[in-house]
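Sequence lines, in order, name chains R and S. Under the working numbering, think of the first position of the first sequence as 1, with each following residue one higher. Under the working numbering, think of the first position of the second sequence as 1, with each following residue one higher.
Derived by calculation from the structure, the hints in this document are not laboratory data.
Short derived list, chain S residues pointing at chain R, Cβ under 8 Å:
#: 1; residue: Ser65
#: 2; residue: Asp66
#: 3; residue: Glu72
#: 4; residue: Ile75
#: 5; residue: Lys76
#: 6; residue: Arg79
#: 7; residue: Asp101
#: 8; residue: Ser123
Calculated lysine-lysine pairs in the DSS-like style (CA-CA distance at most 30 Å, straight line):
#: 9; chain 1: R; residue 1: Lys146; chain 2: S; residue 2: Lys70
#: 10; chain 1: S; residue 1: Lys70; chain 2: R; residue 2: Lys164
#: 11; chain 1: S; residue 1: Lys107; chain 2: R; residue 2: Lys164
#: 12; chain 1: S; residue 1: Lys104; chain 2: R; residue 2: Lys83
#: 13; chain 1: S; residue 1: Lys265; chain 2: S; residue 2: Lys187
#: 14; chain 1: S; residue 1: Lys286; chain 2: R; residue 2: Lys164
#: 15; chain 1: S; residue 1: Lys174; chain 2: R; residue 2: Lys146
#: 16; chain 1: S; residue 1: Lys210; chain 2: S; residue 2: Lys174
#: 17; chain 1: S; residue 1: Lys241; chain 2: S; residue 2: Lys173
#: 18; chain 1: R; residue 1: Lys161; chain 2: S; residue 2: Lys107
#: 19; chain 1: S; residue 1: Lys70; chain 2: R; residue 2: Lys83
#: 20; chain 1: S; residue 1: Lys200; chain 2: S; residue 2: Lys241
#: 21; chain 1: S; residue 1: Lys70; chain 2: R; residue 2: Lys161
#: 22; chain 1: S; residue 1: Lys173; chain 2: S; residue 2: Lys265
#: 23; chain 1: R; residue 1: Lys83; chain 2: S; residue 2: Lys173
#: 24; chain 1: R; residue 1: Lys146; chain 2: S; residue 2: Lys107
#: 25; chain 1: S; residue 1: Lys318; chain 2: S; residue 2: Lys200
#: 26; chain 1: S; residue 1: Lys200; chain 2: S; residue 2: Lys187
#: 27; chain 1: S; residue 1: Lys318; chain 2: S; residue 2: Lys255
#: 28; chain 1: R; residue 1: Lys83; chain 2: S; residue 2: Lys174
#: 29; chain 1: S; residue 1: Lys244; chain 2: S; residue 2: Lys187
#: 30; chain 1: S; residue 1: Lys107; chain 2: S; residue 2: Lys51
#: 31; chain 1: S; residue 1: Lys318; chain 2: S; residue 2: Lys307
#: 32; chain 1: S; residue 1: Lys28; chain 2: S; residue 2: Lys286
#: 33; chain 1: R; residue 1: Lys146; chain 2: S; residue 2: Lys104
#: 34; chain 1: S; residue 1: Lys104; chain 2: R; residue 2: Lys161
#: 35; chain 1: S; residue 1: Lys104; chain 2: R; residue 2: Lys164
#: 36; chain 1: S; residue 1: Lys210; chain 2: S; residue 2: Lys241
Note that beta-carbon positions come from the ideal geometry of N, C-alpha and C, so glycine has one too.
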Amino acid sequence: MKTFKFPMRYVPISATILVFFIVYLIGIISFQNFGSPKVFLDLFVDNAYLGIAAIGTALVILTGGIDLSVGSIIAFTSILIAKMIASGCNALWAIALALVIGILFGMLQGWLIHCFSLPPFLVTLAGMFFIRGCGFIVSEESIGIKNDPVFNFIQNDLTIKLGKGMNLRFIVIVYLVVLIMAIFFSQRTRAGRSIYAIGDNELAATLMGIPVGRTKIMTYTIAGFCSALAGVVYAVYLKAGNPLNCVGLEMDAIAAVVIGGTLLTGGVGYVFGSLFGVLVLGLIQTLIVFDGRINSWWTRIIVGLLVLAFIFMQNLITKISKSKSKTQ
Amino acid sequence: MNKFATVIMAVAAATLLVTGCSKSDSSKIKVGFSQVGAESDWRKASTESIKGEAAKRENIELTFSDAQQKQENQIKAIRNFISKGVDVISFSPVVATGFEDVLKEAKEAGIPVVLFDRAVDVSEDGLYVSFIGSDFVEEGRRAARWVLENVGENANVAELVGTVGSAPAIDRKKGFEEIIKDHPGIKIIKSQSGDFTRAKGKEVMESFLKSPEADQIQVLFAHNDDMALGAIQAIEEAGKKPGKDIIIISIDGVKTMFEAILAGKANCTVECNPLIGAQLFDVVEKIHAGETVPARIPSQEGVFDSKNITQEVVDGRKY
Chain R
1 MKTFKFPMRY VPISATILVF FIVYLIGIIS FQNFGSPKVF LDLFVDNAYL
51 GIAAIGTALV ILTGGIDLSV GSIIAFTSIL IAKMIASGCN ALWAIALALV
101 IGILFGMLQG WLIHCFSLPP FLVTLAGMFF IRGCGFIVSE ESIGIKNDPV
151 FNFIQNDLTI KLGKGMNLRF IVIVYLVVLI MAIFFSQRTR AGRSIYAIGD
201 NELAATLMGI PVGRTKIMTY TIAGFCSALA GVVYAVYLKA GNPLNCVGLE
251 MDAIAAVVIG GTLLTGGVGY VFGSLFGVLV LGLIQTLIVF DGRINSWWTR
301 IIVGLLVLAF IFMQNLITKI SKSKSKTQ
Chain S
1 MNKFATVIMA VAAATLLVTG CSKSDSSKIK VGFSQVGAES DWRKASTESI
51 KGEAAKRENI ELTFSDAQQK QENQIKAIRN FISKGVDVIS FSPVVATGFE
101 DVLKEAKEAG IPVVLFDRAV DVSEDGLYVS FIGSDFVEEG RRAARWVLEN
151 VGENANVAEL VGTVGSAPAI DRKKGFEEII KDHPGIKIIK SQSGDFTRAK
201 GKEVMESFLK SPEADQIQVL FAHNDDMALG AIQAIEEAGK KPGKDIIIIS
251 IDGVKTMFEA ILAGKANCTV ECNPLIGAQL FDVVEKIHAG ETVPARIPSQ
301 EGVFDSKNIT QEVVDGRKY
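Turn these sequences into a full structure, and let the hints steer you where they fit.
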């Protein structure tokens, strides 16, 4: 039994990594300069915020839930920070406040989902509208962050120059650190394993004595934090806030998680996979920009097909594992 | 598992077929252009103008990207243009803020940037070489000058303002008022926003016509053609003759407005030209040849009224 099950678990994530390398190879063969290290590095710079958001989404999906408030929280935190700095507030306070709001908002969503047994889809849908609206209350127009000492410090002093035009930005380091922490948390801690148990079978988890409520609220709290941190990273990335930005970003995050090999019904998958999910999304976009002749909307079509392919694959794997456990 | 691999390979192969292999020709000027999206007819006409002009010129190799109205897509596209090693980058920014870092990166890479149709808000100079686009203030001035020349020194004007707070609404009003300031006989007696739409333009004009000052309105100045077209309907429904009882002037120069002028229902439209692809590539060629270009290049735009609109002009209008 174990000998069959072991490789099955790794099929989706191996497929994701394979897809990544195939797309990368296509790019290198088709276009000049596609193989340059700058393109690879820019994938991280341009998608760091999406990557951080996808970490939270991955954990939530592992519990069998969903979080639709991601894009709105990013937009809200970025405009809040920009507005506070524009009104003369210290950037560090603004960032701290944004993160606290993200944590509290996530916690509130988790609490509502658990205590009233509400569907996560609806609670976070409400959260999405609510916090998007709050962003427009803060400011209807985009606000630039100009000449702020903290932002300049992050931009100039915390960037590692790797050569001509190649900068390892601080936001990339933040992403990688958070990613490693999340991988460790989900694989090596009791709370992390509880997430898998709940996603696999909530009733069984309750019967086993796993603190389901606490774990769920914690997961949504982490997701809220990740979204807010993604918002901070986004503000640093743009040096601006805009309440209109990141509409529908949660869908990109969900797509990255699914392409990264996580089962939408929960319990199966790896946070690590979301990294490759995000990279695949970024790479497809890069490929289409490099081409520059075909319609940019092909990005969406290809991502749609990929998500569908991965859902089919996971469906098949689930069926195979079930039939195997039945025959034995 | 082999099956999955096959499916993925098939998808990948399809991608390869779609994208094909592009070989760079070093003699050509490589231009990367990032468009806002395809949100209006005006924008689509602008895109067609750029693509059409690039196809016409043999020395231009265009890499075109549609940002789908998302700033994040636009920044990624510009960064990819830099990695790809294009000679000139041009874009129509989705919003004014947030482009500073990526523009700095382009500058470090030595790639000149030309802004197209909209400006950006940056804290240091030299991040872009030139900005080609309509001068909204000048459009307002032109409208006012047309009124002075064709209506005279005395006129009561009703104004249909565009979306509150938008750059074209603010600037067109500013330009119009700047000119009439020195002509006390021309007075704006009514001014309200019609949100740049036909429906709202009609609604606001109806309320103008019901107001006590209704009979004094001699001229209608609308910030765009759509609002003017809505107002024409309202005037007709009120039993007046648009273009005669009330002189109508607006801005944009869309085909339907030309038709209205030809039919005598409106009098003048100041062009706000989306077809500036040719101007863009002229500038690109100059920059590539090492010539200096002005930092601000207004679009080539005309003023159209019954004197220069004929059926041929209407038929030749693309948008």
